[in-house]
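A.B. asks: Heads up: the protein sequence lines correspond to chains A and B, in order. Using the working numbering, the first residue of the first sequence is number 7, and each one after it goes up by one. Using the working numbering, the first residue of the second sequence is number 7, and each one after it goes up by one.
Hints were generated in silico from the structure; no laboratory data involved. Be a bit skeptical, because a hint or two may be false.
[Said to hold, decoys possible] Simulated crosslink set (DSBU-like; lysine-lysine; CA at most 35 angstroms straight-line): (1) A:K74 x B:K77; (2) A:K130 x B:K29; (3) B:K142 x B:K81; (4) B:K130 x A:K79; (5) A:K130 x A:K77; (6) B:K81 x A:K18; (7) A:K74 x B:K81; (8) A:K149 x B:K130; (9) A:K130 x B:K79; (10) B:K149 x A:K77; (11) B:K74 x A:K130; (12) A:K79 x B:K74; (13) A:K142 x B:K18; (14) A:K29 x B:K130; (15) B:K18 x A:K156; (16) B:K29 x A:K29; (17) B:K74 x A:K18; (18) A:K156 x B:K74; (19) A:K77 x B:K130; (20) B:K77 x A:K77.
[Said to hold, decoys possible] One-sided and incomplete, this derived list gives chain A residues near chain B with beta-carbon spacing under 10 angstroms: (21) L57; (22) H73; (23) K77; (24) T78; (25) R97; (26) D129; (27) P132; (28) K137; (29) F143; (30) D144.
Treat the numbers as computed from the prediction; the structure is a model and nothing was measured. We treat Cβ as the ideally placed atom computed from N, Cα and C, and that holds for glycine.
Number of protein chains: 2
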Amino acid sequence: MTQEEHNYFRIKPIGIIHSPFTKAVGTPIQSALAKGAEGWIDVLPAFAEGLADLDGFERIWLLYWFHKASKTKLKVKPYLDTNERGLFATRAPCRPNPIGISAVQLLRISGQRLYVADIDILDKTPLLDIKPYVPKFDYFEVKRFGWIEKIQAETRKANGRFYEKE
Amino acid sequence: MTQEEHNYFRIKPIGIIHSPFTKAVGTPIQSALAKGAEGWIDVLPAFAEGLADLDGFERIWLLYWFHKASKTKLKVKPYLDTNERGLFATRAPCRPNPIGISAVQLLRISGQRLYVADIDILDKTPLLDIKPYVPKFDYFEVKRFGWIEKIQAETRKANGRFYEKE
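Chain A extracted, bound-state conformation (with noise of 0.2 angstroms):
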């Protein structure tokens, strides 16, 4: 093993998430930009045990693999931009890392499925981890945004640009 095949740590798939977009082209970019779009997951039976509890909250934080991205671009033209920006000041997928956050609204669990709302999500995404939205921990007000303060946000749906060839 080399060096540097030393320094990768190993993540694997607990579930896989379902959504009505099965090209990047079209998918909402946030999920607040998603409301009413409707997915499930179907968490892998081996952590169904980790679930319980879990349907006492309203909106739950999915962290999944952009399975679609392209390869690592460290400046990008965001959908919300005309300008090129650092990958890090967007939520662009195509990250070292390629590892996407989204809130979604959970609407129910049966039995290791989830049915989800307000999700921006493309079909077939491998999921990494569920954590639940709690307010104290994740919501902040915020006066500054940097560049998407300026933007107004004509263009709200992917043009696959951060993605491979469909």
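Got chain A; can you put chain B on it based on the hints?
C.D. replies: Showing chain B alone in chain A's frame:
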């Protein structure tokens, strides 16, 4: 390569997080409970270009590897509670994919070093990603947040029970 190994994804540190917290015992359990605690992040030179435009954001998400987490437990007794809960209804580190998310305050950037406050992360934690905190994407009013609603958070410090022996 076995079938199981095929199903893993590889991720790698893009930097290292530094904080006053060198042991899990005593580390604030969430950034919202860590007001004032300051730290810094050294991003690896290879990723420096991606930091452009980040300085406009008041708060940023850090995604990181819980490098001191104990092995996965699907039922845990959270710091805030006296009952066992399903792991995914908690933010405990002993997860199938031990990835943490914290929205910290960005104080300033100097080269590849980010100075942050409200940090709830152990010293020397490997950084996986940085994303801007954007109200439209991350700020949701929720009425229901499960077992946490009912808890008066008396204990706001970690006691080490989800971490390896120190």
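A.B. asks: Looking at the structure, which of the earlier hints fail to hold?
C.D. replies: Those not satisfied are hints 2, 10, 14, 16, 18, 23 and 26.
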